[in-house]
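Novice: So the sequence lines, in the order shown, correspond to chains Z and V. Per my numbering, residue 1 is the first one in the first sequence, and the count goes up by one each step. Per my numbering, residue 1001 is the first one in the second sequence, and the count goes up by one each step.
Honestly, the hints are just simulated from the structure, not real lab data. Remember, it's a predicted structure, so these values are computed and weren't measured experimentally. Heads up, a few of these hints could be off.
Coverage of chain Z stretches by chain V, computed from C-beta distances (three or more under 8 Å per stretch; other residues unrestricted) [stated by the list, open to error]:
#, stretch
1, 100 to 107
2, 223 to 230
3, 235 to 248
4, 253 to 266
Quick list of in silico lysine-lysine cross-link-like pairs, DSBU-like style, CA-CA up to 35 Å [to be verified]:
#, chain 1, residue 1, chain 2, residue 2
5, Z, K170, Z, K427
6, Z, K427, Z, K257
7, Z, K170, V, K1255
8, V, K1255, V, K1148
9, Z, K427, Z, K321
10, V, K1148, Z, K257
11, V, K1255, Z, K257
Even for Gly, the Cβ is constructed at its ideal location relative to N, Cα and C.
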Amino acid sequence: MFDVPGQPRAHYAALFEQLGTLSVAELERRQQVADRAFLHQGITFTVYGDSRGTERIFPYDLLPRIITGEEWQRLERGLMQRITALNLFLRDIYHEGRILREGVVPRDLIFSCPHYRREMRSLRVAGDRYVSVAGTDLVRLADGQFAVLEDNLRVPSGVSYMLANRAVMKRTFSRLLARHSVRSIDHYAQALLRTLRDLSPQGRPNPTVVLLTPGVFNSAYFEHAFLARQMGIELVEGRDLFVHDNVVYMRTTSGAKRVDVIYRRVDDDFVDPLAFRADSQLGVTGLFNAYRAGNVSLGNAIGTGVADDKAVYAYVPAIIKFYLDEDPILGNVETYLLGDPVQRDHVLQHLPELVVKAVGESGGYGMLIGPHSTAAQRAQFRDRILANPRNYIAQPTLDLSCAPCFIDQHVEPRHIDLRPYILAGEKTVIVPGGLTRVALRRGSLVVNSSQGGGSKDTWVLE
Amino acid sequence: MSGGGQMLSRVADHLYWLSRYLERAEHTARLLEISVTLAADRTPESQSRQGVRILSALQALDAQRAGLVDFALLAVDLTVGDREESLLACVSHARENARQVREQISVDMWEELNRLYLRLQAAREDRSWQEQPEDLFRDVRHSVYLFKGMTSSTMVRGEGWQYMELARFLERSLNTSMLLDVHLREFHDSLRTGVEATEYVEWLSLLRCCASFDAYVRAHSGSIRPLHVVDFLVLDAQFPRSLRFSADRIEESLKHLARLAGRTQPARVERLAGCCAPRCSSCRSRTCCTATCCRRSNTFDDSAA
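Given the sequences, and given the hints that come with them, work out the whole structure.
Specialist: Quick look at the structure:
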């Protein structure tokens, strides 16, 4: 928010000024209004192991984060470039493998990736759009530039919080919102539906689109129901669908109805017990065969996880260069691949300064944050790295940017990141902004909701 | 979306149970509210008998409770207790079913139900409501009314609506018939002899428990005559809580559903409903009819579920 202490940046000035006119009690009151809105809407998660089913809300911070129109334009171009390259990359590695033949990305890195799906070899994906919905995690580094920290290309979640945060913002700070010209995000569901319709198999007109959820116990269930309602499509569970003659149907009160596109919020492993994990209760038996036969489309495609593997991530700038012959607009964070002996030695010597991540994990799990770690934790990670170097990467501990947050009756700085949602249909659409996640513990760098993170509304100015 | 026979079967199931549990919650709340407010007019012994009747009417009477019942404790137990019949349990079940179909119901409907649930959860921890329990019961009832009102003013009259209507009137007819059954077992003789002064409060409470006092008084004047009461609760075609009214609505909903699903041959439930409705409307020997209706409702319930 500040360039020099006490002097707010130009685009934060109006917010800063208005905040000065509000008492702490008034801010507190608005915080309560916001919290109650989340509770009553049931935007909550259940505390596991609590038999009474106590539900907690995801912490919402009252103060918005502001991005200028100029900054956003650059982000938008960068994200579009990245998703285009990644879709070309996925098509390539599941077909000819040009990039592997030319040695730009090492072959063994791809084939050793747990999310690489052999079953997808030579399978035609509608419009070659492997990733229809992506959520890319961005951070702002010390030099003020945004960089990509992570691509989420499997089943990225959190977009409902982005929308709910804005709705609550309209309730708590309507005048403030009106005084800034903030770009609207309300069309997200429409854009998502259009993206999904674009996947219609064999170009069938008026495809029946459904959203496949793991069910009511899933932590993102609220989001699934929310999006299904906004799009006006059926929210289905695995048991609502069946496959007959390689065609997918849903069970309705008047019999079977054909399904064309499935926006699946179920992981690859669980979508079809016949093709993947046999013990899955969440999937649809025979779904993958119907998919192979081209009778149904999935958004996202199976096997996209190979492109958001944290080790493959290090190659994304090279991937962009290879397919588009362009320089990446958005940089990566410097990444050490521990499969490489030289880089590994360097990392093992500098563990206290670095962040080590397991490549397949998400949600802030399987991480070592060097500066906040104990000697015992470092020793444990050293053993794990040596046992399976391919499974880890290391990055410098980033000085994430901060934003002012209203915490315990004070306005204090907290570290934040940004996850914009990218919809890659026939046209690529990025709703301005995204989910700004906040590490609510003082000094913490972990923004994941499962690890004490919260979120705040994100404003992109005209 | 839930317009013409395109609804997921699972969704239909959840809407059905959502509606039933809410109807049950409303009924239970009314029963408790009436009993608590009339408690002052009763002797302790009659209070306890009333407690037993409530338990029986809710099909919640277990062996330990067959004897004397402490009414105050019972009210707490049936509100927030760890039992399937409690208000909290009914509302939790309704909410769980609503949660499974959140994309089908409006945000307002969900928020109201959620608010009711949170209110009852809070009542479980903070027992201060026991000072004035009727307030809580009234709140529950009003919350259900609000939910139904929003449903009725916003929901598309498609399959989903018909399933909810079906469930509502099925639950209501079951509730009314159970209440009548239990009541008549104890006060059957009054049908011949008329009401003793001491019994007046019991017949009044029966009418109130069916939310029918005002309607009854308008139809039959202020004199409470058992035969008229039973007659009214069973046979009145216009009173929305009579068995006949429920039976008519059930038959109607089933017909709509058959039409929406494009079925021409009546299914077993429709045939059963077809038997039930005329029984409720044409039966003359009023006293025997009640018991039959109860049994009917029960069989019907089984085959519908």
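Novice: Now tell me, hint by hint, if it's right for this structure.
Specialist: Status of each hint after checking the structure:
With 0 residues bearing a CB less than 8 Å from a CB of chain V, the stretch 100 to 107 of chain Z misses the requirement of three and the coverage assertion fails. Chain V is given as covering the stretch 223 to 230 of chain Z, and this holds because 4 residues of the stretch bring a CB closer than 8 Å to a CB of that chain, at least three being needed. Check result for the stretch 235 to 248 of chain Z against chain V: holds, 5 residues qualifying (beta carbon to beta carbon below 8 Å, three or more required). A stretch counts as covered by a chain when three or more of its residues have a beta carbon under 8 Å from one of that chain; for the stretch 253 to 266 of chain Z and chain V the count is 3, and the coverage holds.
The suggested pairing of K170 of chain Z with K427 of chain Z holds, with an alpha-carbon distance near 29 Å, which does not exceed 35 Å. Taking the CA atoms of K427 of chain Z and K257 of chain Z, the gap is about 29 Å. The hint holds against a cut of 35 Å. Taken as a hint, the K170 of chain Z and K1255 of chain V pair is broken in the structure, with Cα atoms around 45 Å apart against an allowance of 35 Å. A hinted pair counts as satisfied when its Cα atoms are at most 35 Å apart, and K1255 of chain V with K1148 of chain V qualifies at roughly 22 Å.
Distance check on the hinted pair: K427 of chain Z and K321 of chain Z sit about 22 Å apart at the alpha-carbon level, within 35 Å; holds. With a C-alpha separation of about 30 Å, the suggested pair K1148 of chain V and K257 of chain Z falls inside the 35 Å cut-off, and the hint holds. Distance restraint check for K1255 of chain V and K257 of chain Z: the Cα-Cα separation of roughly 22 Å lies within the 35 Å cut-off, and the hinted pair is therefore satisfied.
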